[in-house]
Amino acid sequence: MKVVVCIKQIPDPATPYTLEEGTNWLVRPDEQILDDGDRYGVEVGLQIAEANEGTVTLVSMGPSGNGQGVRQALAMGADKAILIEDDALRGSDALTTARALAAAIKEEGFDLIIAGTESTDGYSGVVPQMMAELLGVPALTYATKVEAGEGSVTIHRQTNAGYDVVNAALPALVAVTAGVVEPRYPTFKGIMDAKKKPVDNLSVADLGIEVTSDQTVASIAEATARTAGQKIEDEGEAHLAIVALLEERKVI
Amino acid sequence: MTQISFDRPDPIDFLDIDSLLSEEEKLVRATVRDYVEKEIVPHIGDWWEEGILPQEQLAKEFGDIGLLGMHLEGYGCAGTSAMAYGLACLELEAGDSGIRSFVSVQGSLAMFPIWKFGSEEQKQIWLPRMATGEVIGCFGLTEADSGSDPSSMRTNAKRDGTDWIINGTKMWITNGSIADVAVIWAQTDGGIRGFLIPTDTPGFSAIDIKKKASLRASVTSELILDNVRVPDDFVLPGVSSMKGPLSCLNEARFGITFGAIGAARACYESALDYSIERHQFGKPIASFQLTQRKLVDMMVAVQRGTLIAVHLGRRKDDGTLTSEQVSFGKFDNVRNALEVARTARSILGANGITLEYPVIRHMANLETVYTYEGTNEIHTLVMGQAITGLNAFT
Ligand SMILES: Cc1cc2nc3c(=O)[nH]c(=O)nc-3n(C[C@H](O)[C@H](O)[C@H](O)COP(=O)(O)OP(=O)(O)OC[C@H]3O[C@@H](n4cnc5c(N)ncnc54)[C@H](O)[C@@H]3O)c2cc1C
Ligand SMILES: Cc1cc2nc3c(=O)[nH]c(=O)nc-3n(C[C@H](O)[C@H](O)[C@H](O)COP(=O)(O)OP(=O)(O)OC[C@H]3O[C@@H](n4cnc5c(N)ncnc54)[C@H](O)[C@@H]3O)c2cc1C
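If you read the protein sequences in the order shown, they are chains A and B.
Its first residue numbered 1, the first sequence is counted upward by one per residue in our numbering.
Its first residue numbered 1001, the second sequence is counted upward by one per residue in our numbering.
Worth flagging that the hints you see were computed from the coordinates, not collected in a lab.
The model shown is predicted, which means the values in this text are computed figures rather than measured ones.
Careful: at least some of the hints might be erroneous.
What the hints assert, rightly or not - In silico lysine-lysine, DSS-like type, Cα no more than 25 Å apart, as pairs: (1) A:Lys189 <-> B:Lys1158; (2) B:Lys1116 <-> B:Lys1060; (3) B:Lys1060 <-> B:Lys1038; (4) A:Lys145 <-> B:Lys1026; (5) B:Lys1026 <-> A:Lys196.
What the hints assert, rightly or not - Label-pair distances were calculated between CB atoms; the ranges are: (6) B:Asn1376 <-> A:Ile220: 36 to 42 Å; (7) B:Ser1287 <-> A:Asn201: 49 to 55 Å; (8) A:Lys145 <-> B:Val1296: 46 to 52 Å; (9) B:Ile1012 <-> A:Asp30: 17 to 23 Å.
Where is the CB? At the ideal position from N, CA and C, for every residue including glycine.
Construct the complete structure from the given sequences, taking the supplied hints into account.
Next up, the structure:
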């Protein structure tokens, strides 16, 4: 089984980030990490490949920087990586991102595509569905459990009440939620081997796609600081005040 | 460019020492840091208090990651750089010195002599299973009456036909009672030699040392060898002098140079967080000048120690590291780590004496680290001899 896992390298959320003057694009430092949410996708991909004598190909779009994030996923056990990097793709919106990823994945061939539900930095949460549409395969989203075997994939799709069991024939795309599995630690042997694994670099020209970027970021503002909460002194009546407040918010 | 959010420099890597590390080194470090945060930190306070260690589970997890004998080549070992080994020790010891000791003993003190001085057959028999954590090793050099002066050891091995008969008692042996194989150093007619003794050999027994107030999440034992008989192919063929055990210690001390900084970093981080949250006289205690002096002293000590460790790491990978330089690292980093731990302890006030915070645990552990693998005084004499040419040991 040929599994493709989409992974995004992002600036470490723990370090201060910078926006580019003029475009307001996020400055992507050399030092980027594997999006934590995508570690789950890699683990799911590896488990399915291991159970089905398959392979795992990573696909990532963006400035590769020093490639640490991709190397981490290779060290976890993925077989190879495809990096899409091109100045023309700077500032891509979600649809352009999906187009580029879909073109590379189509070229590579696949039985199953795994992606995260939403990224940690952009978190539009739409790239996976767009890719599925572009590739003409079903999108199984919000997966909290994934099982894939001969010719089909079954997931538990998280709902407000619990989960739905959703099944589709392969080829298909699954977007997993964080916590779906416990991502493995890269082993040191994996880290040593990762250096020797093939990494293909693709440009827009290689993909044969047209990039038209007609969106701009008009303005940005810092999020307003959270205001202090309301303190209720308990003189025997606090529970009534709390109940009233919850009713007002329509929580109860 | 607009800088969003806070623009405090990283208080943990003030000098950006990270920029001196390769991607691979950082990946190794991130793996161990992640593991320690998830699997060690939440439990270590309890293990320490109860004086226990889930050693079988840990050995397997360490083996799965590739921590055991990680910088050795072949025989199922990962074959990383020495720098990567050092960084792994740093992160392990940020968890607990006992956890790092477990890995040091297995990799540097038990696997290393087999890898370096063992026969091909010995390597095949032991190393792959030690790398996975299936087989645990220990290193028996110290005796009750022979500590800083190990060449005065009384444990001895005598020929009996083609066999050897070993008698003696080893003291303070990490992993002693949980080991499957003991590397025992003993006097012979042909000098000091190393023996690979399966711990189920008749005449071999181990008794744990209780009532420790340091390194409690680590097994320390006394080993008794009472007419232990082993065949000739259980002796390490490659060495017959103190050079054998000393070269192992050199490996482990290299790891401690990094490890001690991990313990110090954990104490500094804990004190920094605490000092910002804790209010007295209407403001955070971090806003008092006396506290800032302590915080800065700790930060500088941790950064300086890291630079020393990274420098020694590069030299080791280049093949230019001398044993005197390893003494420098062990000596200076451990004494500074202990100082940092004590300072951090004072910042935490009363909370600093509880195991709810990691500080006093590290502080107590570092007393062991100060003493084992060559005491502070012994390393002083090593460097003193190196710079004067005069021996002050005897
Ligand atoms: C300041 C700012 C302004 C933005 N403005 C716009 C805008 O105006 N219009 C607009 O459409 N978008 C905008 N974006 C979103 C940005 O274009 C997206 O971040 C990007 O296209 C990828 O989408 P995402 O990260 O939101 O993906 P999501 O859909 O949240 O990601 C889900 C999953 O898809 C996969 N994936 C996503 N991106 C990649 C990738 N590059 N490589 C490999 N796998 C990937 C991963 O598996 C990921 O877990 C903006 C982002 C920022 C930070
Ligand atoms: C928790 C723990 C685990 C250990 N694990 C192991 C292990 O796995 N394997 C192993 O073989 N050993 C192990 N050791 C033993 C350790 O290496 C010794 O304790 C150490 O070498 C010091 O020996 P000693 O305790 O006998 O002290 P001593 O040598 O008696 O020293 C006592 C004091 O005298 C000082 N001193 C000694 N000689 C001189 C001198 N010439 N000049 C100035 N000062 C001097 C010392 O520096 C020290 O301050 C462990 C110890 C501990 C505490």
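Now for the hints, and whether the structure bears them out:
Of the pairs offered as hints, the one joining Lys189 of chain A and Lys1158 of chain B is violated, with about 41 Å between alpha carbons and a cut-off of 25 Å exceeded. For the hint pairing Lys1116 of chain B with Lys1060 of chain B, the CA-to-CA distance comes to about 24 Å; that is within 25 Å, so the pair holds. Restraint check: the Cα-Cα separation between Lys1060 of chain B and Lys1038 of chain B comes to about 16 Å, which is no more than 25 Å; the hinted pair holds. With a C-alpha separation of about 31 Å, the suggested pairing of Lys145 of chain A with Lys1026 of chain B is violated against the 25 Å cut-off.
Under the criterion of a C-alpha separation no larger than 25 Å, the hint pairing Lys1026 of chain B with Lys196 of chain A is consistent with the structure, at around 18 Å. Remark: the range hint 36 to 42 Å for Asn1376 of chain B to Ile220 of chain A is contradicted by a beta-carbon distance near 55 Å. Restraint check, Ser1287 of chain B to Asn201 of chain A: a C-beta distance of roughly 51 Å satisfies the suggested window 49 to 55 Å. For Lys145 of chain A paired with Val1296 of chain B, a C-beta distance near 50 Å keeps the hint of 46 to 52 Å intact.
Between Ile1012 of chain B and Asp30 of chain A the Cβ separation comes to about 20 Å, which falls inside the hinted range of 17 to 23 Å.
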